[in-house]
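The primary structure of each chain is shown beneath.
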Amino acid sequence: MTLELILFIIFALICAVTSVLMITRSNPIISALFLILNFAALAGIYLLLHAQFIAVAQVIVYAGAIMVLFLFVIMLLRPEKEKLLAIAPRLKISAFVLAFIVLVQLVYMIFVSGSSGSVKANAEMSIKAGTIETIGTELFSKYILPVEAVGFLLLAAAIGALVLAKKKFE
Amino acid sequence: MIDFSEIFLILPLIVIGFGILVSLVFEMYSKQSEKILPWLSILIFTITAIFSIATISEPRDVVFHNMLSVGGNTHFFYFIFNIGAALVSLLSIDYIKKYGTYYGEYYILLQSSVLGMMLMAGAKDLLVIFLGLELMSISFYVLAGLNRKKLSANEASLKYFLLGAFATGFVVYGIALIYGSASSTSLDVITADFSPLTNNLLFIVGVLLFLIGFSFKIAAFPFHMWVPDVYQGSPTTVAGLFSTGGKAAAFSSILITLIAVFSNSAQNIFTPYLSVIATLSMLFGSIVAIAQEDIKRMLAYSSISHAGYLTIGLASGNEYGVAGIIFYLATYTFMNLGAFGIVAMIEGENESNLTISSYAGLSKRKPLLAALLALFMFSLAGIPPFAGFFGKYYIFISAIKADLTWLAVLGVISSAISVYFYIRIVVLMYFKEADSELIIHDSRTGLLALIISSILVVLLGIFPGTILQLITSFI
Numbered sequence: 001m002t003l004e005l006i007l008f009i010i011f012a013l014i015c016a017v018t019s020v021l022m023i024t025r026s027n028p029i030i031s032a033l034f035l036i037l038n039f040a041a042l043a044g045i046y047l048l049l050h051a052q053f054i055a056v057a058q059v060i061v062y063a064g065a066i067m068v069l070f071l072f073v074i075m076l077l078r079p080e081k082e083k084l085l086a087i088a089p090r091l092k093i094s095a096f097v098l099a100f101i102v103l104v105q106l107v108y109m110i111f112v113s114g115s116s117g118s119v120k121a122n123a124e125m126s127i128k129a130g131t132i133e134t135i136g137t138e139l140f141s142k143y144i145l146p147v148e149a150v151g152f153l154l155l156a157a158a159i160g161a162l163v164l165a166k167k168k169f170e
Numbered sequence: 001m002i003d004f005s006e007i008f009l010i011l012p013l014i015v016i017g018f019g020i021l022v023s024l025v026f027e028m029y030s031k032q033s034e035k036i037l038p039w040l041s042i043l044i045f046t047i048t049a050i051f052s053i054a055t056i057s058e059p060r061d062v063v064f065h066n067m068l069s070v071g072g073n074t075h076f077f078y079f080i081f082n083i084g085a086a087l088v089s090l091l092s093i094d095y096i097k098k099y100g101t102y103y104g105e106y107y108i109l110l111q112s113s114v115l116g117m118m119l120m121a122g123a124k125d126l127l128v129i130f131l132g133l134e135l136m137s138i139s140f141y142v143l144a145g146l147n148r149k150k151l152s153a154n155e156a157s158l159k160y161f162l163l164g165a166f167a168t169g170f171v172v173y174g175i176a177l178i179y180g181s182a183s184s185t186s187l188d189v190i191t192a193d194f195s196p197l198t199n200n201l202l203f204i205v206g207v208l209l210f211l212i213g214f215s216f217k218i219a220a221f222p223f224h225m226w227v228p229d230v231y232q233g234s235p236t237t238v239a240g241l242f243s244t245g246g247k248a249a250a251f252s253s254i255l256i257t258l259i260a261v262f263s264n265s266a267q268n269i270f271t272p273y274l275s276v277i278a279t280l281s282m283l284f285g286s287i288v289a290i291a292q293e294d295i296k297r298m299l300a301y302s303s304i305s306h307a308g309y310l311t312i313g314l315a316s317g318n319e320y321g322v323a324g325i326i327f328y329l330a331t332y333t334f335m336n337l338g339a340f341g342i343v344a345m346i347e348g349e350n351e352s353n354l355t356i357s358s359y360a361g362l363s364k365r366k367p368l369l370a371a372l373l374a375l376f377m378f379s380l381a382g383i384p385p386f387a388g389f390f391g392k393y394y395i396f397i398s399a400i401k402a403d404l405t406w407l408a409v410l411g412v413i414s415s416a417i418s419v420y421f422y423i424r425i426v427v428l429m430y431f432k433e434a435d436s437e438l439i440i441h442d443s444r445t446g447l448l449a450l451i452i453s454s455i456l457v458v459l460l461g462i463f464p465g466t467i468l469q470l471i472t473s474f475i
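Which chain is which? The protein sequence lines are R and L, in order.
Taken in order, the first sequence gives residues 1 to 170; the numbers are from my numbering.
Taken in order, the second sequence gives residues 1 to 475; the numbers are from my numbering.
Note that these hints are calculated values from the structure, not bench results.
None of the values given here were measured: they were computed from a predicted structure.
It cannot be assumed that every hint is accurate.
Straight-line distance between alpha carbons at most 30 Å, and here's what the computed DSSO-like set of lysine-lysine pairs gives [unchecked claim]:
hint : chain 1 : residue 1 : chain 2 : residue 2
1    : L       : K35       : L       : K97
2    : L       : K98       : R       : K166
3    : R       : K166      : L       : K97
Short derived list, chain R residues pointing at chain L, Cβ under 7 Å [unchecked claim]:
hint : residue
4    : K142
5    : P146
6    : I159
Examples of chain L residues toward chain R, derived with CB under 7 Å [stated by the list, open to error]:
hint : residue
7    : M67
8    : L127
9    : L135
Quick reminder that beta carbons are idealized off the backbone N, C-alpha and C, glycines included.
Input sequences plus hints: build the corresponding full structure.
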């Protein structure tokens, strides 16, 4: 067993276990915390697949920013006071159906259809394109204008948020 | 590596970007910012407009790794946006005081929205179009709801934001499908491969989604629900910018994305979709505008019908259509901003004097304002000596050249209907007595803006051929 395989098994186990734990907890805060752990383990799997940038983005954006937002919302809403978590059985059935459809799709994709030729041929190139160095070089040479535009977009959004949230009127 | 001579070529964008940063610093540190900022932004817009028009014959060039085009109609659009925004700033100086809220951020957001429009008009890549669209839209959402104490302004902002975000979703989905089928976001690549790509269903669906998303932004018929409420709720000057700059920017993006369609009208597979949109918008806008009592709502419905006329140019898909659209956008910007400017001057405190009946007898008390409003209304209705007539004329000619005579006929019928509600205001102003006393705040800067836009409307009406030739030479 190579180190890669051992790491994969560890990450995959964490992923599977945390996702089961996430949907079976009754306290939404604990569910959200398990989801963060799930995202972190998923980032590890991305890293094993040589997709450095996606791994980093996964940790920073999903596990970091978005989940913190989730937690804030959950804590502000204080769901423990309300009995929201008693899910209607009809909803449960449709959830199972949806999950089953996704499972069938994934099984078909992985075991039946197989990856297409062009994907295999370009595997080397796509590994190279996924590194942080390549993305950084591209962003600051070819895509420098869009990067600057994003800068102004974020500035405008920040100014807008400030104007709308400012406490003091004239 | 970046070639530094390219910096000179994108100077209009740099001036605006620099202006945003300088205005921010002024707003933070200067006690006088309330006096300085309007004039600073007017200065920035004017410099950019003059620079763009001066370098319009710059050999058309693509800079920054094929991200942005320079010269030609791109600069003509820059000119339209910046003159429009300068007029809006001039009108805003007194309007904002009357409206009750002054924020320095108002002028900063005006500048950033113009930067977004310029990115949309100059883009050579779908990424840049998307970023420009978002920059413009986000500034607009905030400008619409600037006065948080007013319920109508909050409603306008929220409605605009939700529907705008929804429309952006369509645009992004469309871009994703276009990228998937063309393997590139570069507009040059898409234009070059357009004919083979039209056999790809994914590509067609992508372009249609892109067009649907932009139909929201240009306020065309089935996607118009937000227009009347947003125009009514937002500050009048800002509503003027939504209806002119925002529409012009959206049309510029559609034109540069689908330029392959317009070089060969046989390729225009989107004609059915576009002609349906055009017909419905024209007729719906003109007919519903008749029933409006609020002048801002009336102008909103008129804006929907103008989106319809402009879409005729897209549907006909030939060079006449492109030139006609660009010319029409220029005239529409100046005449519609003029109309909104007068509404902004007549509007009293707390959104009073906004009904059409409050314009009765205006010619007695404010003869100059009444004469200017009559001029803008005649132009919007498309009555010959003014610029609006030539805009419609060129668009209808393009439809006839593309064998879409029925569309041109419907356009003429719809503008005949629209004459009713435009002229109604003129009749009220000149032949009716006022039933209530109207308090009008004088605004010298506002009057200056109105006079400038009326001069531009008249000039475009006197020399339409020269300007059309200029535009056509760049296509």
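Hints versus structure:
With a C-alpha separation of about 12 Å, the suggested pairing of K35/L with K97/L holds against the 30 Å cut-off. Taking the CA atoms of K98/L and K166/R, the gap is about 21 Å. The hint holds against a cut of 30 Å. Only pairs whose Cα atoms come within 30 Å are accepted, and K166/R paired with K97/L is accepted, the gap being roughly 19 Å. Of the supplied interface hints, the one on K142/R holds, with its beta-carbon coming within about 4 Å of a beta-carbon of chain L, less than 7 Å.
Hint status for P146/R relative to chain L: holds, with the closest Cβ pair at about 5 Å, below 7 Å. Restraint check, I159/R versus chain L: the minimum CB separation of about 5 Å is within 7 Å; hint holds. Restraint check, M67/L versus chain R: the minimum CB separation of about 4 Å is within 7 Å; hint holds. Hint status for L127/L: holds, given a least beta-carbon distance of 5 Å to chain R, under 7 Å.
Hint status for L135/L relative to chain R: holds, with the closest Cβ pair at about 5 Å, below 7 Å.
The structure is consistent with each of the numbered hints, conforming to all of them.
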